[in-house]
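From first to last, the protein sequence lines are chains A and B. Numbered per UniProt numbering, the first sequence spans residues 1 to 858. Numbered per UniProt numbering, the second sequence spans residues 1 to 858.
Treat the hints with care, as some may be off.
Each pair may be met inside one copy or between any two copies, as identical chains are not told apart.
Stated by the list, open to error - Derived DSS-like pairs: lysine-lysine, alpha-carbon spacing no greater than 30 Å straight-line:
| # | residue 1 | residue 2 |
| --- | --- | --- |
| 1 | LYS158 | LYS128 |
| 2 | LYS358 | LYS460 |
| 3 | LYS812 | LYS358 |
| 4 | LYS812 | LYS393 |
| 5 | LYS357 | LYS460 |
| 6 | LYS745 | LYS460 |
| 7 | LYS492 | LYS717 |
Just so you know, these hints were derived from the structure itself, not from any lab.
There are 2 protein chains.
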Amino acid sequence: MTASSAYLLATSLRRRLLHLSKTSLLHHRRHSLQFLSAAADAPPTVNLSHPTVVVWGSNTGVGKTLVSTGLAASLVVCDSASKFTYVKPVQTGFPSDSDSRFLYRKVSQMFLRRRPPSVLLASNHVMKASCASCREVLVEECESRRGLRDLGFYEERKLVGEENGAKSELVCKTMFAWNEAISPHLAVEREGGDVSDSAVLDMLEKCLRHGLRGKEDERGQDRVLSVVETAGGVASPGPSGSFQCDLYRPLRLPAVLVGDGRLGGISGTISAYESLRLRGYDIAAIVVEDRGLANELSLKSYLRNRVPVLVLPPIPLDLSDDLMEWFDESQDVFTLLRELIVKGFSDRIQRLHEMPKKAGDIIWWPFTQHKLVPDENVTIIDSRCGENFAVFKVQNEDIITHQFDACASWWTQGPDAVLQTELARDMGYTAARYGHVMFPENVHEPALECAELLLQGVGKGWASRAYFSDNGSTAIEIALKMAFRKFYVDHKSVIDGLEHQSSGKSINFKVLALNGSYHGDTLGAMEAQAPSSYTGFLQQPWYSGRGIFLDPPTLSLCDGVWKISLPKDMLTENVDLENMSFSSCDQIFHLNRDCTALTARYETYISNELQTSQNSQLTQIGALIIEPIVQAAGGMQMIDPLFQRILVNECRARKIPVIFDEVFTGFWRLGVESTVQLLNCLPDIACYAKLMTGGIIPLAATLATSAVFDAFVSDSKLNALLHGHSYSAHAMGCAAACKAIKWFKDPSTNLNLVSDGRSLTELWDAQLVSQISSHRAVERVVTLGTLFALELHIDGVNSGYASQHASSLIMKLREDGLYMRPLGNVIYLMCGPCTSPTICNQLLSKLYARLEEFNQIK
Amino acid sequence: MTASSAYLLATSLRRRLLHLSKTSLLHHRRHSLQFLSAAADAPPTVNLSHPTVVVWGSNTGVGKTLVSTGLAASLVVCDSASKFTYVKPVQTGFPSDSDSRFLYRKVSQMFLRRRPPSVLLASNHVMKASCASCREVLVEECESRRGLRDLGFYEERKLVGEENGAKSELVCKTMFAWNEAISPHLAVEREGGDVSDSAVLDMLEKCLRHGLRGKEDERGQDRVLSVVETAGGVASPGPSGSFQCDLYRPLRLPAVLVGDGRLGGISGTISAYESLRLRGYDIAAIVVEDRGLANELSLKSYLRNRVPVLVLPPIPLDLSDDLMEWFDESQDVFTLLRELIVKGFSDRIQRLHEMPKKAGDIIWWPFTQHKLVPDENVTIIDSRCGENFAVFKVQNEDIITHQFDACASWWTQGPDAVLQTELARDMGYTAARYGHVMFPENVHEPALECAELLLQGVGKGWASRAYFSDNGSTAIEIALKMAFRKFYVDHKSVIDGLEHQSSGKSINFKVLALNGSYHGDTLGAMEAQAPSSYTGFLQQPWYSGRGIFLDPPTLSLCDGVWKISLPKDMLTENVDLENMSFSSCDQIFHLNRDCTALTARYETYISNELQTSQNSQLTQIGALIIEPIVQAAGGMQMIDPLFQRILVNECRARKIPVIFDEVFTGFWRLGVESTVQLLNCLPDIACYAKLMTGGIIPLAATLATSAVFDAFVSDSKLNALLHGHSYSAHAMGCAAACKAIKWFKDPSTNLNLVSDGRSLTELWDAQLVSQISSHRAVERVVTLGTLFALELHIDGVNSGYASQHASSLIMKLREDGLYMRPLGNVIYLMCGPCTSPTICNQLLSKLYARLEEFNQIK
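Isolated chain A (complex conformation):
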């Protein structure tokens, strides 16, 4: 194509494509979501009974098909009783170009030339093609002029070598073909035939399944090989416009990268390699044509021999012998390449098989009684793609299957597949730019931007300072230190007076907190929570429980109605029952509840408790600490927001600093960026972690008002807050947080935001939720934002049965592709802020079906 004709073509193409650019964010997002929604049942399973590799090119025209062909020949021409499957998912330039036909013919030709003592059954199958390309193949006219049709072109032959020996098979397939020799996404634009990413993957999985060892023969792992060949370079667009390296990512098949032997080829090869790695691919080998520049030496040196680099002889310009000599010359290289692939495969399989036992032998899992975890219960996580784990399983055969991470990996997760790739890129960039740089008295961009985003977001309207640490627990310890100091400064004369009266004895600071609360596992955070299984002498002999712990009123959905459940102490009074139930969750948060009789009841209760608890003059309540709205570790209990609001106001009136532990609830977990929005009252201090980085890396922040900060300002360093961790405000954590915070609140990336951008759409189908809440196996339901939780109903006599019950249900759900973990009798589904409601409902339906099943058994 000359440059000027190309320019004309471009103008017309550009006109058609321009809307994509204008709406490019949504476009890209929609494509990703298209995939994700279709993949609610998770991406296709990957069979690991034999090696499968994807051949990638560091550019077009570097010889991907020659490498596939050489691999095929090295197997089916050299080894009898073998099977080679070749899949070309996307072909353009068809029918004049057809890589599957090339491979089919070339391997046949080699077979006939070498005449091994065996038989080869070879076939080539072109499945779907655009009407434009069909015209050149079919006799009859296509009915339509645009779009794809079933071409069903099929050719096969049986070749007999030197003798009629053992049978080998060569199966070649082209999945989708377009006519023009341009990028697939442009071909789709011109010829029609949209194919979604998930449709490509589903079809690919079917084609690869054909390549499995037949039951009839017992070929070894090294006698069966499947190769998928991509089109163009690693980041060339597929039919939907998604780059192929992103499109195929859910399968994460090992890669063979065909490098570029030309001038500039070192760079192109390294960059292509890095793009694959940046998407989590493992590269089995790099193959590069010898173009006289010894490019492979630079590649080997840079890659430190971690990736084998093989060199193919120069491809002759004179093709009169159909490359037969070249393939002969290259035979050793292809044999070696095949061996490397097989070795890489069998090493990987062996390691995967050994992992559970090794883990059980040397790892000490948190919160886990190792004696109760047999090897077969260990989940082997090979990778994550967005919300899904890719899990290795041994069933009839070894497979990688996908499970939705429904416990959001201890409530940390937010990324979908697109965000995960973006975060990965940012992590690479930030590590390369900053590594980690120390923080005190220094400033770097990720920390500053992160602080800005925190104060403009979760801290909006009240916070003026961000203090960084590593996890929720440390954030809480810092919050407590802040609160006590603030309390001390505000009550100095009283405290000094008390200490003077008691001849110098120190004041005993306590926190005011709620029963069932949980703030972390370090001692300071533990002291602020009520006694529980985690706080006993055997677990933490230093725990003394330095709090006044109130029983809070809770809320849950039963039989489709939200009901308040009052604690024992409040039940003694005759409570107005009018305001005790709600038909919708919104009503719970309505401010008109401030004027009900319940408000007065709460106020009285809290005042009384505060009065009686401060029995010793030397004990002072130095802080209120609450998990707003939902106590997560305490069993996904929803606390009446009215009660918490009153509690906050009562403390504020007494100048007791208020700490919100938003480690679980922050960043859209409950459908809003901060629960301040739901509670309608402000803290003095709040703690964030978990979802803050999008769920990719540990980082925590404690936000505080300027009044709290001022309590530490003086001329002496000894009055500063002398607390810090080595990686305070580490660049990668801050950069991840910046990306995630912006991503979640940007309507172009988070399609779940409702119009005002302040809350998420309803993620869990209201009707199904109501149905589940009425289920006889269900005690109560709590749902808000990304959380859906239910408590299983336990018969009084069978209460010991409960956990058994939960875990059997959970094992069933894992078979359905839902990875869950029980929390006592509570099980829950948790998605990310961007997870589509379609996926959520599919999850919920699966859960419902299993509940039904259980009910019948019961």
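Starting from the structure of chain A, add chain B where the hints point.
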């Protein structure tokens, strides 16, 4: 070049290059180190008085020079009183190819064609060229046949436009030229003329300095532009073989990426972009030629408009008008590109200027009294390159200067520039592959491999389990829980008996620890350390100090001799002074010290202390916790290893579990992977963090023996260790640790390992160390492994002066390019395990020089 002639060439090239491949690891490393050592005085300063960009190509032949030329013309042809500097650091194919000559001529031609109302002074200068290329330029014969020579080719012209108006300048420079049109590293191989990476950078800095605004004219920022044009693709090798994206990284200049408009060009452009990002570069814009494929639309969509993508009209095949029309057509694009560059530059500068104030307003730094930190004392860290911070400074002009991170960012740092890039790649890969996946009852490769490496490394010979957490403080809290349980199980009958006698009162567990120890800032870790400024009521009202704290004997170097200093309690006895000093550090660790009189003295002291401290029956010492060899936060105090060994043995004899806090000392910090090697005794539990991940990301591990683990094994989950953090064993942390642990102990990557691979070579010059220890301004010196510390001498009367003294010294050293922070009166230098001794000695010399200077003033 035909394929067959290329093949012949390759054979000869390969022969010459093969030794590189064989020793490729060392080769690569040596090149990096070559740079690093030369850069001990830090990489060149980057001037920020006006914008400078580097033009990168996503491949060869994509039009980098056309873009540079267009940019130049858009400035010096269109804007009067402007200055454009063009530097081509590396040119091959010279003299037939010369990009600086092309630009020089083309811009001149455009000037004459457009005839603006101004004057242009244009010059082209080729500085050094290989003899092979000189032959074609010079009349006289080169004396030598290989290598580089000063070519000093210079041409200039004065062009007058429509009128003799304001003067503009065009300065074109080629730094190094080789004759053959091949990759520079091959040209060096064939024509000679090795140029180290640091020589390229130094020369580049000189050339760019020429491009600064002259004092004589007051051109605005938008009237001065410098462009550096690379050769080939982003990862094409430079003269040394280092990829250019690595070679130029220390300057981290903003990039303009010339994309590829051809088929396959989307992929090449995206991959090149990602390779640049993976090295921490910021990309100002992508420019791509229109080849009729609308590649820019895919690029824009994928990059979400974060990077502007500009389109140049197709380059005509007919060059009869010398591209004049094409440049005319492209003028708007280049003007826009220049505006983008200027805007990006001024935004960056503005942000950099604002950062200190913003940070001071919204960030709450750990361990910092904000009132004592004026904005001008805030260090603005723009990036890190290996051991160096790149710091933004406003001196006469805005600059980026480099400072050696001599406090190793709170003792976390290990990476050199090469390891940093490797870690960045691994972080991208790991985030893309795993994000984060939850840990209990699961296994993933990075966690398993990390556990294996820990047990084979720091835990070798004793540990059998790895428990992951987030930082040193949490690792300690976990260790304490482990130790107390183990103690409880071992002493159950005694404890139960005691509790029974005291009518159910709980046993009070204490730790045995040393005064001056420090284990972290969460309450549990604090309780295990002796009272200090950090533990007072104002800082942590809940601190009670749950330990028996012994005064340890310390060691330090004074006047070139290592001396033991005994605590007060031991001094009362008549100690044998024979064994109280050592001429070398090795002697301190010699096991023959076990048989000295001092041993008996230590034993008696420890026994007595243990006896008297356990005065209440209900108090039990449940654990010994020590920082082996060096107490870091306590002021870099070296503790007598003999004393610690005896302490460990005494506890072991009493079945008191022993915890080593190796958070500071682990992973080669003290010259050995674990201090177990130095102490010659084993712990039951040990804690690791900081350097474990190479200093890039938070992760901690608590290792334990199988006996400790067994104390938690039972049929009940309630007996498990119920402690965990959301990001337990997060994949990125584990992957970083795997890379760093292997890197530090691999002799091909860590050239500091001595022959047996078990320790580091002496990093600090012994003679200089001895000299410093004799300096009158110095009280004592401690040096071991990567640590060099000294305590400043304080006159009794002037003890308040001390910190002032330290900080003035430290401010001076920052001017010398050493970033240090004082620790009371102690100042220290800390390098990474791979930092070359040459660098260490340069640091030490600078410190010595400043001490001398101080001495004179005093």
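Evaluated hints:
no.	hint	in the structure
1	LYS158 <-> LYS128	within (24 Å within a copy, 65 Å between copies)
2	LYS358 <-> LYS460	between (48 Å within a copy, 17 Å between copies)
3	LYS812 <-> LYS358	within (26 Å within a copy, 53 Å between copies)
4	LYS812 <-> LYS393	within (15 Å within a copy, 61 Å between copies)
5	LYS357 <-> LYS460	between (49 Å within a copy, 20 Å between copies)
6	LYS745 <-> LYS460	within (14 Å within a copy, 48 Å between copies)
7	LYS492 <-> LYS717	within (20 Å within a copy, 45 Å between copies)
In the structure shown, no violation is registered for any of the earlier numbered hints.
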